[in-house]
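Same order as they appear, the protein sequences are chains A and B. Residue 20 in our numbering sits at position 20 of the first sequence, with consecutive numbering throughout. Every position in the second sequence, counted from 1, becomes a number in our numbering once 280 is added.
Just so you know, not all the hints are guaranteed correct.
Selected chain B positions facing chain A (Cβ under 10 Å, derived; list incomplete) [to be verified]:
#1 Ala294
#2 Arg328
#3 Ala331
#4 Gly332
#5 Lys354
#6 Asp357
#7 Met360
#8 Tyr365
#9 Tyr368
#10 Met371
#11 Arg427
#12 Leu437
The calculated lysine-lysine pairs, modelled on DSBU-like cross-linking and capped at a C-alpha distance of 35 Å, are [said to hold, decoys possible]:
#13 A:Lys187 with B:Lys394
#14 A:Lys187 with B:Lys382
#15 B:Lys342 with B:Lys388
#16 B:Lys434 with B:Lys393
#17 A:Lys48 with A:Lys70
#18 B:Lys448 with B:Lys393
#19 B:Lys434 with B:Lys394
#20 B:Lys657 with B:Lys531
#21 B:Lys394 with B:Lys342
#22 B:Lys388 with A:Lys187
#23 B:Lys434 with B:Lys342
#24 B:Lys388 with B:Lys463
#25 A:Lys105 with B:Lys301
#26 B:Lys301 with B:Lys342
#27 B:Lys394 with B:Lys382
#28 A:Lys187 with B:Lys342
#29 B:Lys463 with B:Lys382
#30 B:Lys394 with B:Lys448
#31 B:Lys434 with A:Lys187
#32 A:Lys187 with B:Lys393
#33 B:Lys394 with B:Lys463
#34 B:Lys463 with A:Lys187
By construction, these hints were calculated from the structure, which means they are not laboratory data. Backbone N, C-alpha and C fix where the C-beta goes; we use that ideal spot for every residue, glycine too.
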Amino acid sequence: MERSSRDYALWTIAIALVVIFALIPVLWLISISLKPPEALTDQSFIPKSVSFDNYKSLFEGGIDGSPFIKPLINSIGIALITTAISIVLASFCAYAIARLEFPGKRVILAGALAIAMFPPISTVGPLFDMWRALGLYDTWLGLIIPYLTFSLPLAIYVLVAFFREIPWELEQAAQVDGATPFQAFTKVIVPLAAPGVFTAAILVFIFCWNDFLFAISLTSSDASRTVPAALAFFTGESSFTAPTGSIAAAAVVVTVPIIVFVLFFQRRIVAGLTAGAVKG
Amino acid sequence: MSEIVLEGVTKTFADGFEAVKGMDLDIQDGEFMILVGPSGCGKSTALRMIAGLEDISSGELKIGGETVNDRSPKDRDIAMVFQNYALYPHMTVRENMGFALKLAGADKEEINKKVEEAARTLDLEQHLDRRPANLSGGQRQRVAMGRAIVRDPKAFLMDEPLSNLDAKLRVQMRTEVARLQSKLETTTVYVTHDQTEAMTLGDRVAVMRAGVLQQVGTPAELYDNPRNLFVAGFIGSPAMNFMPGELSGGKLKLPIGEVDAGPLGIERDDGTIVAGLRPENFEDVEVIGDLKEERGIVFEAEIDLVESLGSDLYAYFHIESAGVQSDQLADLVEESLEETGAGASTSEGREQIVARLDPTSKVRRREHAQLWADTSKLHLFDPESGDNLRTK
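Put together the whole structure using the sequences plus the hints.
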């Protein structure tokens, strides 16, 4: 008992240290975003006066006038569409890999892994040329396609692991109960693999949300520029002021959806969902 | 009309292994048919072919008069109970049981009515809104049964449904399954490796070995007239005793004595055969007196071990013999090794015999006793083919 409470204390301290280490930059960012421009360099961690001007400036001027609203819509749209397509395709693919024996199964898995490891920077140049030739440059689709390429392998790997855990008998039971293979998949397998599906969805969403490389290279206007790229084009109030405050405010704003997304799905990532399916 | 007919049904796996070889079986409407055999004999594969979960390599399968070889499981109108129950963990008991009806497009009211009716039959009413994870093993088993019966299918297929329960619950559920089946009168195919389950549950029992159907018959037929050595050794507990026998000049010479071969009604040239005698066909001479000596052998044996169960008394003794050689028996020995982990009953030059004696018998361990063997009940087999030689 003594031992475990001491362990508990040590663990608490260790975790607190890690959390503080990770959160200080975030707090710093929030602090900067709340400072008025003249107080930016006052070197105080806690702002002496709190102002929401930086946030206001982000949304000033409505959709057309604001440098932030359009990119935010682009980010949300592109990330959600990519996540949806990626999860649907990956779950079909992962299901086949987990359940069926077919020639080329290993090749597909190895290929997926190879793509996931491929350095994105080496694809940017060719993509730039190809997209311009095809008319995909500076469109949503032009970003969704490369995002799918790099997020699918990740999603497939996560889902294969989860599908393998599900007892095959459940699917057979569903088939005997009168389900078509597709019904068995959607009504029995997918609900049971939900923790895996949501894990994969979060990973894919964050990957798209965070991407800077493709976003900066394959876009040229607010038609498809996402937030990470748009931040680089922020301007200050005059040509002599750095846009530090508004960049910080924008960074805080784009962090919020991720936190919401993770918290929302975290509730669904419940381990042991398959408990009780089969005996033993 | 929902009889199930298998005609020459064969299953060959991709690696060339033949799990089921040319199986012919005629399961009548409303019949409780048991497929029994040691593990790996193809009984589960046969069941899964009936369910449609395995393709049929060749042969024909008919359910209710229609050939269903190429129909998917959902179009066969059968219900299956899996060994591990395969309950849907994300659904409540009610949803589990109603799943098939929901897929079939039944309306909510009807689903509820049928589910509640089945729950009443299975004593699950108070658990309807719980999830499988919160149920005990016996309750899960009942939910699996419930999922099958709500649909009122053409046939129930059960794949060792009781093998995951503890011994006491198993006996209890066994009677429940039998009661349920006789009440519903639905054609049932039940797979088990437990010969006790097979004998107690089935209208008829089909014994399989290495993918080949050995014998189909009522439990009594299998017990009294096993077609071959394998069936003889598999059915019955404790198992039938086997000893080598020598036929010469109208006499059958056994390690325990000699009998006149005439009344046994065998048509065979002189030579070696395998003789089998069930434990209950032995008796303590002191208990029965000399009344039946004309149709039996009296012999003396040194008793190794006595097990008294109150209602019965099992006496174990050895006979000197060269042992019985047969592939079919070797299979059985392997099975009993897997099941119990105990050594084989045969050791070099000595054959262990079990006799079931009257509980009033006074036989003692390490003492010699006079035993009587009812030779009219002898089973005689060809050592090569294993076939029963007695023409009944």
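Practice task
Would you mind confirming whether the straight-line C-alpha gap from B:Lys448 to B:Lys393 stays at or under 35 Å?
Solution key: holds (32 Å)
Problem - Given pair status - B:Lys394, A:Lys187, alpha carbons within 35 Å - result: holds (21 Å)
Exercise for the section: With a cut-off of 35 Å on the C-alpha distance, tell me whether B:Lys394 and B:Lys448 pass. Expected result: With a Cα-Cα distance of about 30 Å, the restraint between B:Lys394 and B:Lys448 holds, given a limit of 35 Å.
Exercise for the section: Against chain A, run the beta carbon of B:Ala331 and see if the smallest gap drops under 10 Å. Expected result: holds (6 Å)
Problem - Satisfaction of hint between A:Lys187 and B:Lys463, Cα-Cα up to 35 Å - result: holds (32 Å)
Problem - Hint validity - B:Asp357 Cβ closer than 10 Å to any chain A Cβ - result: holds (8 Å)
Handout entry: 35 Å limit on alpha-carbon distance, applied to hinted pair B:Lys394 and B:Lys463
Key = Holds - the C-alpha atoms of B:Lys463 and B:Lys394 are around 16 Å apart, at most 35 Å.
Practice task
With chain A as the partner, please determine if B:Gly332 meets the hint condition of a C-beta pair closer than 10 Å.
Solution key: Since the shortest Cβ distance to chain A is 8 Å, the answer is holds.
Handout entry: Pair hint outcome, B:Lys394 versus B:Lys342 [Cα-Cα no greater than 35 Å]
Key = Answer holds: B:Lys394 to B:Lys342 is near 28 Å, not above 35 Å.
Handout entry: Hinted pair A:Lys187 and B:Lys382, Cα distance within 35 Å
Key = With Cα atoms ~11 Å apart, A:Lys187 and B:Lys382 stay inside 35 Å; holds.
Practice task
Compare the distance between the alpha carbons of B:Lys434 and B:Lys394 with 35 Å, and conclude whether the hinted pair is satisfied.
Solution key: holds (16 Å)
Practice task
Would you check the hint for B:Lys388 and A:Lys187, treating anything up to 35 Å between C-alpha atoms as holding?
Solution key: This hinted pair holds, its Cα atoms lying about 18 Å apart.
The structure fails none of the hints (numbered hints given earlier).
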